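As a plain string of letters, each chain reads:
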Amino acid sequence: MKSGHAIRIESVRKNYGALAALDGLSLNIKAGEFTVLLGPSGSGKSTLIRSLAGIEKLDSGSIFFGDREVNRGPLNVAPEKRDLAMVFQDYALWPHLSALENVGYAMKRRKLSPDDSLKKVRAALSRVGLASKEANYPHQLSGGEQQRVALARAIVADPALLLFDEPLSNLDADLRERLRIEISTLTREIGASALYITHDQSEAFALADQIGVINHGVIEQIDSPEIIYEKPATRFVATFTGTAGIFKGTVKSISAKRCVISLGKDSLTARHTVPLEVGQEVDLLVRPAATSFTQNDNEPISSTIIDIAYRGRGYEHAIETKYGSLTGVFDTISHSRGQKMEVSIDPDKCIAFPRQLPDLTK
Amino acid sequence: MKSGHAIRIESVRKNYGALAALDGLSLNIKAGEFTVLLGPSGSGKSTLIRSLAGIEKLDSGSIFFGDREVNRGPLNVAPEKRDLAMVFQDYALWPHLSALENVGYAMKRRKLSPDDSLKKVRAALSRVGLASKEANYPHQLSGGEQQRVALARAIVADPALLLFDEPLSNLDADLRERLRIEISTLTREIGASALYITHDQSEAFALADQIGVINHGVIEQIDSPEIIYEKPATRFVATFTGTAGIFKGTVKSISAKRCVISLGKDSLTARHTVPLEVGQEVDLLVRPAATSFTQNDNEPISSTIIDIAYRGRGYEHAIETKYGSLTGVFDTISHSRGQKMEVSIDPDKCIAFPRQLPDLTK
Amino acid sequence: AHAADALQLYAALDYSTDVAAAFTAKTGIPVNLTALSTGPLLAKMTAEKNNPQWGVYWADGAEPCAALDLDKQLLHYKSKGAHLNAIGVQLAPKTMAYQVPGFTEMVGVVYNSSKVRKPTSWDDLASADFKGQVGMNNPSISGPTYPFLAGFMQQLGGIDAMKAYILKMKGNGMRVFDKNSKTMAALTTGVINVGLVQSSSGITTVNIYKNKPVTGVTPAITFLSKTTVLPSCLAIDGRASVFQQDAAKKFADFVMTTDAVAIMTKSNFGDSLFWPTLVGRNPAPGTSTMPSIASGIVQFVDPYKYASIQGEIQDWFTKNIA
Amino acid sequence: MSNERELDGIFPRALSFLRSKFSPMTVFWLLIVSILVLPIILFLAVAFTPKLLDQGPQWFTFSSFKAAADPYFLRAIWHSFLLGVISAIAATAIALGVAWIVLRTSASSRKIWNLSIFALLLAPSYLIALGWERIFERAGVLNIVGIDLPQVRDLLYGPVGIGAILTFKGIPFAYLVISNAMRGLGEEFEQAVRVHGGSKIQAFKMMATLLLPALWSGVAIVFAESISDFGVASQLASPGRFSVATFTLYRSVMSIPVSFPLCAAISIILLALVVLALLAQAKALRGRSFRVLSGRTRPITRRELSRLSSLGANSAIYGLLFITLGIPVFGAISASMIQGLGTVISNYQFNFDNYIRVIQSPLLRAPLLFSAEAALITASVAVVLAAVSSKMLVSTKNGAGKKLLDFFLLAAVGLPGIVFAIGYIFAYNLPIAQRYGFHLYGTVALLVLAYIATALPSTTRSLVGNMNQFQESLSEACRVHGFSAIKTWIAVVLPLISRPLLAAWCLTYCGTLLELPVSQILYPPGRAPLAVGIDRALGNYDFGGGTAMEVFAIISALMVVALAFSLYEYLAPTGWKQLGKAR
Ligand SMILES: Nc1ncnc2c1ncn2[C@@H]1O[C@H](COP(=O)(O)OP(=O)(O)OP(=O)(O)O)[C@@H](O)[C@H]1O
Ligand SMILES: Nc1ncnc2c1ncn2[C@@H]1O[C@H](COP(=O)(O)OP(=O)(O)OP(=O)(O)O)[C@@H](O)[C@H]1O
Ligand SMILES: [Mg+2]
Ligand SMILES: [Mg+2]
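Chains as they are written, first to last, in this note's numbering: chain A, 1 to 362; chain F, 1 to 362; chain L, 1 to 322; chain X, 1 to 583.
Treat each hint with caution, since some may be false.
To be verified - Covered stretches of chain X, going by a simulated chain L footprint (3 or more residues, C-beta under 8 angstroms):
1. 415-425
2. 527-537
What the hints assert, rightly or not - Pairs of lysine-lysine, PhoX-like flavour, derived with a Cα cap of 20 angstroms:
3. L:LYS250 / L:LYS26
4. F:LYS57 / X:LYS200
5. X:LYS51 / F:LYS111
6. A:LYS111 / X:LYS487
7. F:LYS57 / X:LYS581
8. F:LYS81 / X:LYS205
9. X:LYS487 / L:LYS72
10. X:LYS487 / A:LYS81
11. A:LYS108 / X:LYS487
No lab work stands behind these hints: they were computed from the structure.
In this text the structure is predicted, and so the values were computed from the model without any measurement.
Here a beta-carbon is modelled for each residue, glycine too, at the ideal position from N, C-alpha and C.
Model the full structure from these sequences, guided by the hints.
Written out as structure tokens, the structure is:
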């Protein structure tokens, strides 16, 4: 087992005209660590991962693989000298090569004997469930099959750094689950470092040693999954990792870990991850898991059911309260539209942030 | 408001060499109905939706829009005469047109005045959150932004049938949620029928009037979301809509709705959706939501925790029992690896199916 | 510079290949032949001017040689032992700037006797009988055609008279073709019925149709008064290496022998149909009898006199006639 | 590729700086400068400074521009420009239609077209013009069968005739470029049009727009070929008194005394127009992307034509073939199989005498072999250079170099071959070069270099449409998976352009085999290429022999082309061939 690259990204910057796709972003990945990048569409994830691959030129900043500076501003070490592999967001399969050849070509760098090579290539294809499609050309594959070829191509040659740009987005839940495990096992087996972009939180939580949340070209927080979820450093991180709704309120009192927020007549106990002052206006972010129609530490708030959605394991309700609406209020049985319900909010799962002025610059 | 197409698909067939991508598939969609197609990668979803669009030639079978036969075997009514729009799985954006022009081009069919047209186009782009990117060419957009342009292009001209081939696969959860609502509102507003392919079950459940589960080119079940989840018609449907694991057992007794399955020493009460006989060998499919570490109607089974994954709202555990392993056993607190735990299985959420022989033909 | 051990021969005449081979056989001096028609040949020589590559230039028409001589590019040399006949003596330049082993006539008037009568004079050609029937070469493209115009200037007494005559011909529907072969093609395909071409070309045409008659196409040739003599000229590069010049002189000597002329007149086709300037040499058998000098039909023009205005005349022709 | 600077610590950086100085790109540029830039610059410089190359007394002067500004020349240049534009647009439009029929429909005529295309490319313009003349001339075919169309004849000998013939001549060039690009264009974009309510016609328009880079290349090639064509001009323009620039250029080169300064001045004015065309192209394509070829490209399905449209399509193709191929073939037959000067008057007799004579003549074999060899080398080298140049032309990066290359590539075609060849003499017959032992002038090597330079523009343009198509991620994926830029090129780009490369190779081979102007001026003494021999035969009243040689050359070239394509079919991996293949 070789060791993966340790990666240091130092205030990298990439502008497209006025837009800063990477806005002085910094990030560290330890050797062999699995880092997941979460972030909204257009936040610069692909730009970052492509810079790591050496196929995007930075405007400024540096990237180090271990002690080796591989990017310094627009200067690049050639991609092929970085010992990495990548699943492209648009797959980038070679149209003139069959599935087998696509994967096989990426295997050539290892200079194995044809037999060994073929064995490994076939193994990679079976791993992604495409053993029977090895002779198909990309255009003879379904979208998900193409994506899996791209995945097989990336993992086949055991590189020191694996870059995944939404590698499972076009696959069904079952397969996604299975491949997620494959990816996780494999990267750990070969000791590679990995940077993985996904929009799927459960994927992020399942895979990550650390999760970086990126927004407008900067990392807002990088931490273990638990900390990201429990102690979001910024309002954005909190929102992005799941909210049922946001209430506006003022800080009534503060203790070490909790605070009480008054919302008109009612008040709610909540957590806070950034310092607050009594009397400060705050946004109260409510996690979907915080809400329930059963009792807990907080006084229940009266509400009306405005929408119901079936979710298999139960029903999610959208409700209207005096202070705003909440979605994703879960119950195993469904309540009918218009019904009045008391909703309780788990203090541990709602977090108060200083009220943010709408950011007019972005 | 115009009315959407009522669609009748009659035993359509499409072969690629030996492979039947569509294997005599039939499906009805009422006018204005929102149908979601769920199915594994490579099951023929795109082939079906493309046939509806008139860009894929069938080998046999018919498709009717209302009374009008639009496909009869390889004979096609031209796509442009079907009054529909589509989000392609690979977007198929025109690379030489800006986002605005891409969407605007699809608007041409409505022959509005340039002003009105521009207004609608801009509105569609705002709807998908791309107002500020209207001048960008596709290659200047991120993957998710491209997908949203494709979405805007499909919805801009209010066609009678909307076809979506995984339209939100490259978007983050937040945006996906928001756009899912937009899509749902919009199709209902304009009264269009819709066929929607997704891999995301919550998307399927949230959007669908009916869900069709497709496998190997045939619809295994088409029903409302509840029925699909509660009463899966086939083992495949049950598995595909979510299982924590499968136990092998024999039928011990049967009542109207429930049956008791013996698994070695233990026995479990379960539901069944297909007729069973006492003594019959069965597979017991356990839904993730069926499992918990708290008490319910079934006798708990002893198990050992083998893996824990953080999921934000709590932890999912993989456990090993005498009869097989189960994943996704949820608890708000985490239990350490190796710990012995009693797991209970909700009878309503596990379903027995006659044991299936491995299908060697596929 | 390169191939220093071979004579660089730039020639625009069909038979140069055979002559060069015979020369090599006789003297052992190899010849590098660049065979092109006059236009490209001269263009090449001009472009090479700051580092000349040719040793011998050999083509029909004396004006280019005169121009080269006026530009002091030629080695003056008189071939040894050549026995010139009367015309040969007359054609040899006083300056010795070039050798004249033979000559043709400019022009032979070729007419399709199945379609038109035999023209009798230049004025006759400009008459209504020949309206729209006549074609000539473009002097800007066809090397030998300028001397034809020069002949008119001499005969009619000046540039303007020549221009007037040509304009009159044009008014009478005269057509212009690139060069001899094109004009003859036009004649035999019926586009025109009278073609004014170099005598060798005209005679070739006449002979071809004499051998293989085609109904409706019976070309015949005649010479009108006056017809200009068109010498074939061989010049030596004055700036070439000693070796080149030596070889060139030997080549000039060789060309001016009856043996060489025999080779040149071996064929019965094209360029070979010329009249030698050496005593005792007859033209190729197919060549019709030359109009006698005594008849007064034939005239000589001074190439040195007309070389200097060639550009101007051609320019005029292009803009007003072609 | 070379401008990708690499960073690998400080030391290696210095090293890589050095390496970048001697990269393959440096070699490429050296070659481009020496075979393209230098000759053109030197030739054009003569307009200002005749003394520099001993072409006049002045060191610096504008007098040749004064001469060139003569209304007669200006008119000729203007005519050329108009003809160029019209024939370029017409040929490209027709070629687009043909390519669509051939590649996108089931019309049965498509196979015949594929066979004929190279024959069309090979047909020398003089044979095309000759064929037309034979039909319409006084006493021509029509006349013999009793139809006299003096008006048509007048048209033929004027701008209309020249324009039409130049258009027909341009069609195969444009077709090659467009069909290459069309093969790389999947069906998804047209499907997206139709799914969103666009008609077949709108889908066609969309396809055409996506092919814009190829269409522009087609226009550029045909434009340049047209304004530099001499065969048609000399056959038809001169007698009709419709002056065109090549003719005036040719005239000023051929007249005595030769005036190269004037010629250069005219060329500069002509090139100014070429620059205009270039600017128009840049403007039309700026900022837009035409990268349509990716791993997701969908193969096209041939459109099944209705019986009526099928009839229409087939007659269009056959009609075009009859006009573009039938007429020159007729010209060739009438010239080579009839004794005498090739006339069709009444009791002509066909026979193969000329062929028998030619095939036995040593005048055919050696020059044919020589030319074939030169064409082989030229095509092979030109294709490599063209691949690099076309890549450069479509790159978004190197600004100045790209523009320079673009200009010189067009200039090289825009200038008639003879002028270009004169530039070669200026550049390679410099006394100083020889003094330093640089003996290239008068060698086969120089001739081949000049051939390459002559071929490079068309060859490059024929690939531009394809180079524009690949999504960058295809190469990026290769680099990321551990392959150097060069290996990436071989593994990804080469297969995707293999067919266009093959077509470009054939195009170059065919073009070089019968190339005349450069051959004339630059052939090494004693080793005349075929075209020079043919020209001499034609010039010496041996129409029959000359044309017979021409026909043999064409047949040999067609055999080479057929061989090349069969080798490709047999040897190329399946994946290479299926690109652009219909389902
Ligand atoms: N041109 C072709 N030749 C051979 N097989 C093909 C071709 N096109 C599609 N297939 C096969 O047909 C099957 C159905 O493809 P389709 O694109 O409909 O799948 P899908 O359900 O949309 O899958 P996904 O979710 O991965 O997009 C796949 O197994 C695919 O490999
Ligand atoms: N060539 C370009 N010109 C202008 N803007 C660009 C260009 N390429 C990317 N962008 C912009 O840069 C931003 C970041 O793009 P990037 O592809 O990194 O996003 P992403 O985080 O990967 O998004 P997604 O999840 O949608 O794939 C986007 O807003 C995009 O519009
Ligand atoms: Mg991205
Ligand atoms: Mg699909």
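Checked hints:
1. 415-425: n = 3 at 8 angstroms, threshold three: holds.
2. 527-537: holds (count 4)
3. L:LYS250 / L:LYS26: Since the Cα atoms of LYS250 of chain L and LYS26 of chain L sit roughly 11 angstroms apart, the hinted pair holds (cutoff 20 angstroms).
4. F:LYS57 / X:LYS200: holds, 17 angstroms
5. X:LYS51 / F:LYS111: With Cα atoms ~67 angstroms apart, LYS51 of chain X and LYS111 of chain F exceed 20 angstroms; violated.
6. A:LYS111 / X:LYS487: Given pair LYS111 of chain A, LYS487 of chain X holds - Cα atoms ~14 angstroms apart, limit 20 angstroms.
7. F:LYS57 / X:LYS581: Distance ~17 angstroms between LYS57 of chain F and LYS581 of chain X Cα, so the pair holds.
8. F:LYS81 / X:LYS205: holds, 18 angstroms
9. X:LYS487 / L:LYS72: violated, 59 angstroms
10. X:LYS487 / A:LYS81: holds, 13 angstroms
11. A:LYS108 / X:LYS487: Roughly 11 angstroms separates the two Cα atoms, so the pair holds.
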